[in-house]
Each structure stands twice: as C-alpha cells, then as structure tokens.
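Read in numbering that gives the first Met the number 0, the sequence shown has 3 at position 4, and its numbers run on one by one without any break.
What the hints contain is simulated information worked out from the structure, not anything from laboratory work.
Positions of the beta carbon are idealized from the N, C-alpha and C atoms, including for glycine.
Treat the hints with care, since some could be wrong.
Per label pair, the in silico range of CB-to-CB distance [said to hold, decoys possible]: (1) N8 with L34: 35 to 43 Å; (2) L57 with N22: 52 to 60 Å; (3) L34 with E6: 38 to 46 Å; (4) L58 with N29: 31 to 39 Å; (5) N29 with E9: 29 to 37 Å; (6) L57 with T26: 44 to 52 Å; (7) L57 with F23: 51 to 59 Å.
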Amino acid sequence: MSYNINEWNEYNVKDTLTRNENNFLETNMNNAAKLNIRSRKPLGVSSEGVKVFIVALLLKN
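All chains should be modelled from the sequences, with the hints used to inform the complete structure.
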C-alpha cells in the first residue's frame, strides 16, 4: 500500500484536532462536575443557617 504524503498529513491533522476537541470537552465536563459536587450542600442547609436556628431556639427558651 502506498500513501500519498499529503493525504496522510491531512489525516493526522484531523485526527489530532478531533482528539484535542474531545480532551477539551472532557476536561470541561470534569471541571463542571467538580464544581457541582463542591457547591452541593447536604439537604441545602448552610452552616450559617443552622447557627441562626440554634441561637433562635436558645433565645426562645
């Protein structure tokens, strides 16, 4: 099999671009997932809200 060197180079360039695009998308998806996990709080309760609630309970009595 003989390859035309221009076709071969064109294929390599396209393949590299596709791989770079996929890596870029994968990195962005991973970063978004990390941010999402970090920003999630259990049951949506912030520690500040809990403190205020406890102080309110203590003052009520």
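Check each numbered hint from earlier against the structure, then list the numbers of those it violates in ascending order. Number 4 only.
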